[in-house]
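2 protein chains.
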Amino acid sequence: MKIIVDAMGGDNAPKAPVLGALQANEKYGVDIILVGRGEDILKVLQESGRQELPKGVEIAHASEVVEICDDPANAFRRKKDSSLTVGLNLLRDGQGDGFVSAGSTGALLSAATLITKRIKGIRRAALAPVVPTGNGGAVLIDCGANVKCPAEYLLQFAYMGSYYAQKMLGRENPKVGLLNIGAEPSKGTDLQVEVYPLLEQAGREGRINFVGNVEAREAVEGAVDVIVSDGYAGNIFLKTMEGTGLFLAREIKKIFLKNIFTKLAAVLVSGGLKDFKKMMSSSEIGGTALVGISKPVIKAHGSSDAYAIQNAVRQAMEYSRSGMIESVSEHIDLMRLDFSEKNQE
Amino acid sequence: MKIIVDAMGGDNAPKAPVLGALQANEKYGVDIILVGRGEDILKVLQESGRQELPKGVEIAHASEVVEICDDPANAFRRKKDSSLTVGLNLLRDGQGDGFVSAGSTGALLSAATLITKRIKGIRRAALAPVVPTGNGGAVLIDCGANVKCPAEYLLQFAYMGSYYAQKMLGRENPKVGLLNIGAEPSKGTDLQVEVYPLLEQAGREGRINFVGNVEAREAVEGAVDVIVSDGYAGNIFLKTMEGTGLFLAREIKKIFLKNIFTKLAAVLVSGGLKDFKKMMSSSEIGGTALVGISKPVIKAHGSSDAYAIQNAVRQAMEYSRSGMIESVSEHIDLMRLDFSEKNQE
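Line by line, the protein sequences are chains A and B.
Read in order, the letters of the first sequence are residues 1 to 345 in the numbering used here.
Read in order, the letters of the second sequence are residues 1001 to 1345 in the numbering used here.
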């Protein structure tokens, strides 16, 4: 197993991606290709006290870096020698089993779609993070890659999310819910109203376990394993969760910092608080899979530290091993609107 | 000041609305009309040890009750002698200064729109709750009344939200943000892209303090005083906040229940936890204003207890006193798309 890591992407590059990739190499025995400016990568190695490249780690030099100001849609074409473009070309050519980047989401999405390509028949790739919920996490698909979605996209997201929950989270017969503002099939925008019967049909035929509409509150509490949404509402959902988590964590912290007694209390519950922090932390999960791309591509959070990158590499390994992409390919005919319509007649 | 209270609406009716209204009468000296089945209301009074109606409290008998299974759009017409219809008729006829109900949101919205009517020129009433945020709360408008919104609705929501933040929350020059998935004016669905320049123009002319798009995360953290949204995304935002709050509160509780030491810790921080609970509790706020209706109408949470109803009555009093409805009426010309378009030429 060999994972390609964008050494130049993210707020803490090149240090975090390089060190995170090395940690993954040590911990999981995975081979690594670090893509980026050779001299920058070597400097990080030296500063960390390493005189040579560890076994199984190689560098693929790329002289350019995609910056935050670059137009996401064209960055990879304009900067042909960027770590993004070089890394994804290596992935396409079979030089590695997955690609991890903490760089621009938009640029990664465009580049992965156009270099690595989508799974044949998949209309759009989706960002599918695992969000912390009352049932130990759910796949949210999509969370921002596709703002405007026709019904077919959401039908495909439902299938892909379902395979993801099975293969990556180990859920048997994962419950698939359509993110909505009420339980009745008539609820929501035109999109949800149109998608509902398609998902219901797929459910009736036993191809996914569609449990109906799911309200945001129940989704957080853990009612489903897969939350199907357009990218706009999915992003609102994800960012509201993040914001509320941060806001509440700060308020809780204030409670413990009040006086000597509350500080003592903090010591008494420190174990629990640590577990809690871990549960809420995005670095534990690693990153967000670009589901629908024909090879494993993981978007790590822009603010990833080395530990988050290490976990993103682990996630890329698991994604590659999971058989997720193969399952989607095998069942692609079920995910086409013309198929659903034909079947409904 | 006299507030009309729907004694039959909500999960805990008639007990919670009746007792909550009596508490408001005692605490704020406000006159009350309890609308509902006379015998049911009197029974609650007797069970609470009262032999007669307190001073300033009267009963308006209504024999019917709008049930959860009634079609929201027509409930008030079909059940002409329901507490909802009778109460709103009293409000329209000037028998009271505001109306509070914990009954069905949809039925209340339809009935208020058709009986009490909207403010002249306002295209749609909106549900505008105050959500807990890092800056001490923000007005979210809309959160579910209007799923499909043309741009003009959101322009009006922005103005009405701004007046609400001024008049009800005491914010000077309230910051108005358009809920979106990125900062750039090009972000979002067609709706946000179309609304952005309208809000920008209103901001440029000093009529509202438009600060641009606001992402859900920043909105929760307290970046703005008014969060402008269509009802679909606003509902996702609100319910995600609620769900995340409940989920985290449960996880925090688990930490404290672990063993004898953590239970001691809970005692040490009990004051802070109580304040925290209060901040997060919807019963403190009271309810959600139906902004845009020509008289104060407050939707209390379906699960309201007496304390929540008491606060909803207080909120109706404040709304009536605030001058909010008058401000909207006075400036209605600014909130019309034809005005904005004319000005832009």
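You may find that some hints are simply not true.
Restraint-style ranges between C-beta atoms, simulated for each label pair [as the list claims (entries may be wrong)]:
(1) B:1184 to A:321: 37 to 47 Å
(2) B:1274 to A:27: 21 to 31 Å
(3) A:173 to B:1279: 35 to 45 Å
(4) B:1274 to A:95: 56 to 66 Å
(5) B:1203 to A:250: 38 to 48 Å
If you are wondering where the hints come from, they were derived from the structure by calculation, not from laboratory data.
By construction, the Cβ of each residue, glycine as well, lies at the ideal position given by its N, Cα and C atoms.
Each hint tested on the structure:
Checked against the given bound of 37 to 47 Å, the beta carbons of residue 1184 of chain B and residue 321 of chain A, roughly 38 Å apart, stay inside it. For residue 1274 of chain B and residue 27 of chain A, the Cβ-Cβ distance of about 44 Å falls outside the hinted range of 21 to 31 Å, so the restraint is violated. For residue 173 of chain A and residue 1279 of chain B, the hinted distance range of 35 to 45 Å is satisfied, since their beta carbons lie about 40 Å from each other. The given range of 56 to 66 Å is respected by residue 1274 of chain B and residue 95 of chain A, whose C-beta atoms sit roughly 59 Å from each other.
Hint check: residue 1203 of chain B to residue 250 of chain A, Cβ distance near 30 Å, so the stated range 38 to 48 Å is violated.
In this structure, the hints that do not hold are numbers 2, 5, in rising order.
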